[in-house]
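Same order as they appear, the protein sequences are chains A, B, C and D.
Taken in order, the first sequence gives residues 1259 to 1712; the numbers are from the working numbering.
Taken in order, the second sequence gives residues 1259 to 1712; the numbers are from the working numbering.
Taken in order, the third sequence gives residues 1259 to 1712; the numbers are from the working numbering.
Taken in order, the fourth sequence gives residues 1259 to 1712; the numbers are from the working numbering.
Any given hint could turn out to be false.
Pairs count within a copy or across copies, as identical chains cannot be separated in the list.
The calculated lysine to any residue pairs, modelled on SDA-like cross-linking and capped at a C-alpha distance of 20 Å, are [said to hold, decoys possible]:
#1 K1705 <-> T1604
#2 K1705 <-> L1623
#3 K1620 <-> P1607
#4 K1620 <-> R1423
#5 K1344 <-> F1691
In short, the hints are calculated from the structure, not lab data.
Quick caveat, the model's predicted, so the values are computed rather than measured.
Number of protein chains: 4
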Amino acid sequence: MFLETVRSEGLAHLSYLIGDGGEAFVIDPRRDCEPYLAIADRHEARITRIFETHRNEDYVVGSCELAQRTGAVIHHGAAFPFGYGKPAAEGERFTAGALQLAVLETPGHTAESLSFALYDTATGDDEAVAVFTGDTLFVDGSGRIDLYPDSPEEAAARLHDSIHRKLLPLGDSVPLFPAHGAGSVCGASIAARELSTLGYERRHNRELSLTREAFIRHKSAEQPYQPPYFRQMERLNGEGPPLLGPERWPQPVSAADFAAAQAGGMQLVDLREPEAIAGALIPGSLAIPLEMLGAFAGWFLSYERDIGLVSHHPLHIAEAVTRLHRLGYERIRLWLKEGLHGWEVTGRPYATVPAIHATELKRRLESHQPFTLLDVRSRSEIAAAALPGATEIYLGELPGRLNDIPVERPIVTFCGTGRRSIIAASILLQQGFSGVEVCLGSLAACKAVGCPLR
Amino acid sequence: MFLETVRSEGLAHLSYLIGDGGEAFVIDPRRDCEPYLAIADRHEARITRIFETHRNEDYVVGSCELAQRTGAVIHHGAAFPFGYGKPAAEGERFTAGALQLAVLETPGHTAESLSFALYDTATGDDEAVAVFTGDTLFVDGSGRIDLYPDSPEEAAARLHDSIHRKLLPLGDSVPLFPAHGAGSVCGASIAARELSTLGYERRHNRELSLTREAFIRHKSAEQPYQPPYFRQMERLNGEGPPLLGPERWPQPVSAADFAAAQAGGMQLVDLREPEAIAGALIPGSLAIPLEMLGAFAGWFLSYERDIGLVSHHPLHIAEAVTRLHRLGYERIRLWLKEGLHGWEVTGRPYATVPAIHATELKRRLESHQPFTLLDVRSRSEIAAAALPGATEIYLGELPGRLNDIPVERPIVTFCGTGRRSIIAASILLQQGFSGVEVCLGSLAACKAVGCPLR
Amino acid sequence: MFLETVRSEGLAHLSYLIGDGGEAFVIDPRRDCEPYLAIADRHEARITRIFETHRNEDYVVGSCELAQRTGAVIHHGAAFPFGYGKPAAEGERFTAGALQLAVLETPGHTAESLSFALYDTATGDDEAVAVFTGDTLFVDGSGRIDLYPDSPEEAAARLHDSIHRKLLPLGDSVPLFPAHGAGSVCGASIAARELSTLGYERRHNRELSLTREAFIRHKSAEQPYQPPYFRQMERLNGEGPPLLGPERWPQPVSAADFAAAQAGGMQLVDLREPEAIAGALIPGSLAIPLEMLGAFAGWFLSYERDIGLVSHHPLHIAEAVTRLHRLGYERIRLWLKEGLHGWEVTGRPYATVPAIHATELKRRLESHQPFTLLDVRSRSEIAAAALPGATEIYLGELPGRLNDIPVERPIVTFCGTGRRSIIAASILLQQGFSGVEVCLGSLAACKAVGCPLR
Amino acid sequence: MFLETVRSEGLAHLSYLIGDGGEAFVIDPRRDCEPYLAIADRHEARITRIFETHRNEDYVVGSCELAQRTGAVIHHGAAFPFGYGKPAAEGERFTAGALQLAVLETPGHTAESLSFALYDTATGDDEAVAVFTGDTLFVDGSGRIDLYPDSPEEAAARLHDSIHRKLLPLGDSVPLFPAHGAGSVCGASIAARELSTLGYERRHNRELSLTREAFIRHKSAEQPYQPPYFRQMERLNGEGPPLLGPERWPQPVSAADFAAAQAGGMQLVDLREPEAIAGALIPGSLAIPLEMLGAFAGWFLSYERDIGLVSHHPLHIAEAVTRLHRLGYERIRLWLKEGLHGWEVTGRPYATVPAIHATELKRRLESHQPFTLLDVRSRSEIAAAALPGATEIYLGELPGRLNDIPVERPIVTFCGTGRRSIIAASILLQQGFSGVEVCLGSLAACKAVGCPLR
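So that you can see chain A by itself, here it is in the shape it has in the complex (with noise of 0.2 Å):
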């Protein structure tokens, strides 16, 4: 019997591969499916079904995908009315080998969210040797509740309930394996440790140590960010996603032909690092530093106009269109094939983004110099710590809200490290906003030279 665990970095996901005797399943699997082939041929099985612990909201879900280049069969939970695959009720058990898959309804996260729990019919079928938890129970953590159909304090009621009622009684000694990681949209707080077991969590997870009535409150009050590609996510997962065609790699062009697309209405993306993008830029495009992309494309890119990518590194072009795939895009063209080089040698006009080091900052506000300082970071993390004066508004709803942003200038951005205030700094230069610069370090820097906070 084997388990595998394939990850996928920027949207914190994890899916599994479980086996035995030759047949595999695959629980959550991205679309970008060759990791769970690749597998399987290691251990020399077939993949023959493929369990969904509910519909994702943050990524295109692979089932159909790997379904069509495997004919294994999809199961998922009976209470939506998705558009393929088969439902999977309350106790049912699928066998490969010597292993068991048992099916457990544990609504909360969503309304037909499933878990799974695995036997060794060759040891003892009675107890299991691991849980796959979904977005129901993560390390150190459980799934937001704000996107259940109902009210949050049923839903919430209804976590706590399959948390306690269902998976907690599979015992002490079960191994827990959840859809998400750190960084994850779909819960607050995991842990970086991904090693856990039922037991480990009743002890130490925050949240199961509520009472049911203080888990509804806590649950209840947290508000998690809801991007607007959710429901593009949740509409594809629901009827069945579109296959990808054999490879829709984005045409190398030339600056020329990127800025005429440009004209003509497409979106560009410069995947960069943070330095360069401060460097110079190409009017008019949305930076997104390659490990932001799946966090953050999805909050400002249309689903309905041609994407270009900036990059002049063809794996960093491949690992783009990947995790654009996962978000659900499909339109993206053109690649600017010799990067920033290749457009600043045609005299094409460039942007750039001052760098402000963190003891400028400090001189700054200690001089009480007039200037915006602009911080995109969450709710969350501004209660922890911040500077003093700036105007905070979330880097996702930054679009929404320009007219939020005080007349002050120069603008500095600013966030916990410097990468996503590049992306604020992009989108108010694409916007029109002048003086525009960028704190690259930013809260870490400040904390580091000593910066007064609040």
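For chain A, the structure is supplied; the task is to place chains B, C and D on it using the hints.
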């Protein structure tokens, strides 16, 4: 915090890399240590410490190799006078970011055996999140005790106490990560499933439900085979094995050069599949299909003589070199570059081993036709099921027991599925036996076609 | 300006990628077209045009596949009514950066055959820097003319004129890049060296020193074999071959599923080495060791029936699928995932083919022992050297000439080195012949051991 | 017979592997010699001889490295007292299968320079099929002669005679394979096309149409730059360079460790793109974007001090290490593992280099605003086109000519496209200059926007 497993097929060896905060520890590394470097790179971590659970007898440990490439410190048990590294004592804790690794002295398999409990100080440093059990406790098994310097009873008692007084008290919720999986020579009946917790083992491991006395009796009665290369491994792992130089790749040569080296005393190892060996093999060569090289090379190959490999596939040669290095073989000099085909076209002689089907074996047995059926399986396998009238000599002991082979011809070599049989057949041919045949399919096929079993 | 060669082993097929200034052209692409994309990427170029030198008869051309993935335009000769692409006429020039490719109509091998002269306008556009000669002119050979619609004499005359009036006038200094290397079925006696110039060919190519009349006589007298799959290739390459879908990987299955599919009419192809096939093979299977799949699959495999592959090595399966796709086979359904070992352990029957050494053959011949020696080499090989008393039937024609096999048993299959012999042996077994043996080493070994030659 | 080319980007270095009959020769191998081993493996050949066309001055030759891994014999010219290998004399022929390699003494670039003519004895051993011309003859160029021990005139005369009396007489049909392509420091104006023949060169190479006297005048007047590392290369390549040990990978470290090493004297090399360096760089670091490392590291880096690399991309680090090894640098100790981001979050200082667009430069020039325009291109580039009023100091000579920089501030660094400008900017910052700016796009952009040219 991350935990990743590196598996070495052939040895059923499991090693682990754990890390946090840019630092990583490796437990029981193998000699070909690129995977540890690659995993550490992926996590942007630096390997700073290497832990050995015990002095291994079945492979050359890679601690020195990995230390040389990373600058890491090596730690092992204090109860053996290692020629390298530093002793680690009960209760010592080593920190990397939020993780702590605590030393547990768990003698039994060997006198200096250690286990290591892993803690996540970010959530709870009073309760382990994992335990690395070395050869002390396996999934559904425990370590062999015949290598211990003292009496079997004393060793078994110590092993029992290490498991029950050191490991199980860590708590039922703790996942365990042993040094071997199914198929290892270091423990009998290890489960195929790698996933388990101390609680699951406490309830389902057949050896843990025994009383202390029954456990001692049971372990003392085990008589696992001790291949001759164990001595070499113990010596190397005690002194600290020599570093592998830059690439010791065997030279690809022609049949003429290969034959000349054989005439000069080189050992020939034929890595091809059993059917290919049956079809044609070089007189004097030892057949060990690649998959079995880790398990059987150490029984038959001399450390003092050169080795030449037969296969036309460069990937097989590369894998064979790696596996032989793990066993401490370094004189791997030549590779017959076109495989057997290159030999055949020169007109040099080749032998063949006719394949005998289970139905033919059944016919011979039922008609009482005189022939020798040489079953080379282990005592425990033979105890479970065997054909009547077989001569039973364990494969590893065959070279020393040639005189026990009856005079009837032909001799049909026989095992579980036919793979070990081809090794046996090649040994018989080497030693001048004639009329050698191989039963491809062996016991598995015999059962399927209804041979009478003893 | 760059020029890179992509070789397809098995077909001895050569294709080329040339480019400059960010643009690239491909000449005669194969169907598995990733290498062209990778090379273009490395040179940061976009493939804009694809050129076919002629309608191929020996493999499925990849033009449509590559055009679909790049948007490139396809060009080919005007003298055949292709179902896709655009005709290119004598004298047309196509430009990419400083390079120009000029069209030369060179009928002879086929009516619509083209060659392409390459110019570098940066240094001299009056003198070609290379010429792509398709199947018109090879290194030390020229194209076969038996596929031409008209009389052999007329075809040979046109080929002569294409070479002497179109190609050689480009100048002695021009390197040539033909569509095939040594071992191709598209031309007799192509040299193993790929490197040559028109001048070197003019002086050293044995066919170019003939007078026009002698050339016509020589080419008309050639009788190359026409495998039955040529018709299928011509049809597909005329109409435009269907696109390969996303991954048509055969399903790995157990022996039971494999046997059931065989019973239902599936063709079994055993890809293993000759020795492994001699050791044991599935009754009814066709043995074609992987290296010979490109050369012989088209003689024996039906396009209308499913195909199942035997090998335990995934890389061999992947390579076999690629090679079968190149020949237009698409119904590659199953893979016996554990190879023959998985079959043997079920007790299913297997056949064997005893290997006969050259010295045994010599002994039989000298002692006039009755047996059948079946030499399956080609007419030209047999003309060069053969054993006395052999029955000579070309391997490709064997299935249609079974009645020509003498009654003496055993039948020893025989060829140049033993590889084709094992194919022949498997065909005989398929057809119910008994007493089939194989001479591993064959003529090469016979020469080495001093067999009498005819 | 096969011939394959191995290109080393950055050095524009071309090396070759030729072989036949299971044996292979390598010409001018580089130090990272895995590609030769891989190609030889693919052709199932063993590398038996290594030929050096001359003692290289621009990279460390890999002969000793490759010889150590293959047992091959090294051959080079007799006119220099090499500390390793064997001299090869005019007319000697070396055989591998049907190929022969004949030695031609062709002094001029250096005194001991050799060329090698390749013959195929299977078709015609009186006429070469290729010639390896080292640094004697390039496509559209010839070797520099300033490294020759004697007078320029004498060296030029010898080079002329080597070309006209040794190489061209081989015949117009012979393809040539030189040791360098476009961009090499070993010859001026080498063509971008690698494909040529002696005939094509005779007619189109601008230097070959000169009379002997004109050629001598032309070559003697060339004044190519001599980077200081040439001396080191000549010394190493004369004595025989030391073998690279097993992996000298720099240790990935934190910003704190990196800063400490810098304080202790370590040289910092920033490998990032020009825009990223402009955005932010570590004070005191030398910026050399990865693509230019081979061309410029040797001008600025000391062999006697440790080196630390800045980039967050492991592949860039690996490539940088390889390129530095080729130049003989071995003290590559540390890698700032999170790139500049890891530095910024610690609050450590960083510098910036404002990017100046061509239109701004034009404005300043037209408005006669005082500033320093520092053009770091080569003499020949400046001769072709330049902006008025620029201070012209070749990049390689900049550290020694800081006193020639005018006092006007800001200083805008300027080159062909902006890449060398960023190197220059970092050197100025290192030396304490203030007001340093960089013109991204430089001359290319200036031409596009219509700047006045001198």
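Hints, verified against the model:
1. K1705 <-> T1604: Between. Shortest inter-copy distance 9 Å satisfies the 20 Å Cα cut-off; intra-copy 42 Å does not.
2. K1705 <-> L1623: within (14 Å within a copy, 44 Å between copies)
3. K1620 <-> P1607: between (32 Å within a copy, 13 Å between copies)
4. K1620 <-> R1423: neither (52 Å within a copy, 57 Å between copies)
5. K1344 <-> F1691: neither (52 Å within a copy, 51 Å between copies)
Hints 4, 5 from the earlier list are contradicted by this structure; the remaining hints agree with it.
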